[in-house]
Amino acid sequence: MRRVAHLAVRQAAALWRALRTACGDDAYERYCAHRAERHALEPALSRRAFYEDTQRRKWSGVSRCC
Amino acid sequence: MLRKISAAVLAIVGAIAVGAVALHRHEPINALWILTAAVCIYLLGYRFYAAWIAARVLSVDASRATPAERLNNGRDFVPTHRVIVFGHHFAAIAGPGPLVGPTLAAQFGYLPGTLWILVGAVLGGCVQDMIILLLSTRRDGRSLGQMARDELGPLGGFAALIGTLIIMIILSAVLGLVIVNVMKHSPWATSTVLATIPAALIVGLYLRLWRPGRVLEGSLLGVTLVLLALLAGGWVDHQPLLRPLFDYSAIALAGFVIAYGFCAAILPVWLLLAPRDYLSTFLKLGTVVLLAVAIVLTHPQIKMPAVTAFTDGTGPLFGGKVFPFVFITIACGAVSGFHALVASGTTPKLITNEADVRLVGYGSMALESFVAIMALIAATLLDPGVFFAINSGAGVVGASPAAAVHTISSWGYPVTVEQMQALANAMGERTLFARSGGAPSLAVGMASIFGSTFGRGLLALWYHFAIMFEAVFIMAVLDAGTRVGRFMLQDLLGHLWQPLGRTSWYPSVLLASALMVGAWGYFLYIGVIDPNGGVNILWPLFGISNQMLAGIALSVATGIIIKSGKARYALVTLVPLAWLALITTTAAWQKITSADSRIGLFAAADDLARKLASGVLPPERAAVAPQLIFNQRLDGWITILLLTILWFVILDMARVCVRRLRGLPLRSSSEAPYQLSRLQGAMAQAQP
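Protein sequence lines, in the order shown, are assigned to chains U and W.
Per the numbering used here, the first sequence starts with residue 287, numbered consecutively.
Per the numbering used here, the second sequence starts with residue 54, numbered consecutively.
Pulled out of the complex, with its shape left as it was, chain U reads as follows (with noise of 0.2 Å):
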């Protein structure tokens, strides 16, 4: 019982995962991540900065159509 209870709790994590990537809820996470693995020199981006700097060069391109 206790096995089915934990399986259930890792699944319900994984898809509350894969729901924040999905929509970009965890974003600034992962590129904080991807620059801690890189050992990035320059200044990280404050999360408002990164989220206003990710809007601008998603909408500069065509990201939606008809």
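FYI, nobody ran anything at the bench for these hints, they're computed from the structure.
In this text the structure is predicted, and so the values were computed from the model without any measurement.
Some clues are possibly wrong.
Among the chain W residues that face chain U by a calculated CB cut under 7 Å, a handful are [unchecked claim]:
hint, residue
1, 75
2, 140
3, 145
4, 146
5, 148
6, 265
7, 269
8, 273
9, 323
10, 385
11, 399
Think of the CB as a built atom: it goes at the ideal place given N, C-alpha and C, for glycine as much as any other residue.
Using the hints, position chain W against chain U.
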């Protein structure tokens, strides 16, 4: 073994369903047959044709590092799980097009549209999307225009740019017209749609100031606000004091949509555009799933005949025979050139592995095609008389309800004024006559499906939910289209005078936005004053421009396939290209030269000019006639331009292919060199 059995089962079920669709004549058919046939055909196409193209034609190489891996910057280039890229790509390509086109094409009956959506998608649209996606992935995510320039020559690149700009203008105008027709003299629809603007602004502020980047929270807040606005709209509709505040004519609403488009293009994206897009994406995905579930649960009967008498070209929604006009009317859902712009934009920068292009490219388009099939079902389950009463302009069937029902009943599709009034009352509207553009009849169809699944008492609520759902993402496309058009114009203007090319210089921003909004606003205004509804002219023009863009995309694809030494597989893109060239040329030719004033643009202008000169027009029509005459001639010239661009690109592609086959020197391939992926096993484990 299991895969073989499942494929065999799919093939058998598919064959039975297709047989049922083909053999039902003069008796109602159940929508489930169409749905089953569609799903089996997509799955078989995906399982066999897409896999064959990926392996043989494209030589998809799972060991090759994609730009997302090589150029990973944690921002635009990010290796992403294929299911998530699939979701992103589907949300980007599926807009209002697959809802409106099939609804309009239902005037020919359910069969022509269904066949074209299925065959067009599996052999054309899905193939185009997948191939362009792979070609762009192999070229560091370069755009269609850049690929046309690199692989064919500067002519191809310039043609793609101009074609894209024209399609943006026409698309924005026709979609603007669709929502104006939805909102005119409908306080419930107008107040709900208006309320989505402050809702988007609140979400925009929330996501920037209070909780930066918490997209899920913001979207949840936004969807709640929008659903509250829907309920509030119903309440407003019953308040004698508030009602007139939201009761506007089509002209006033067109002015509002134009002003809105201008604001959205110049305001920072985080304030209006981005939050509105989050709302529209969540509503879109939710409604698509809801609609599929509801159709399966209610399995409605299709009431429209398989083929109507209007295949001869006399249809009330738009003039023109079933060939070529069903293929022009349904672009999105079968083949849509616009997708090539998305498939060569954001998406290739997220692809982790080349093998993912089959799911992302082919799969997303198959799903969009499925949405088009559902829209066709929603439109054709209405009584044909009701369908034509909602969708026919006053100029075609007569301005009064009595005249309209008389005309429509005389075609053999009985409908009464009382029936239309009862339907309007049930939907919470004053009238449903002459609401052309496809969206209202689709909303009535969706409301009846939802109503019979989730409670009939809520019909009016479901109708306005469907209206709001369409309006929200039509406005998202207007925002995004105007903005991209603005950037493209600034890029072009920058060649004339350098400062105009700076995207952050405010005078340039204002000028380019005003030019872009002015261009589509003009077509929108003309569409509104046109007594035939305007959609009958604008939608075919949009279809021609979209198919022209698909022609450009398939030309680029064919050129690259032949250059890479795979001429024996070139039929994969040449056949859809030849078909698109045939239908686009035939349709454009008829639009330009036909002497029938319901089809030929110049003939219509001459006809109206003659009537104006002889004084037979009533004064209110004579007042707008000069503008309509000018516009019809302008549309005629635009059609000529589109056709010229298409053939220039095709001939440019043919030139490149002939040089390749004769062994003459060519531009070298712009493909990025092979690099071994290091993500293989690691990626598979790291994914959610």
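Failing hints, ascending? 1, 8
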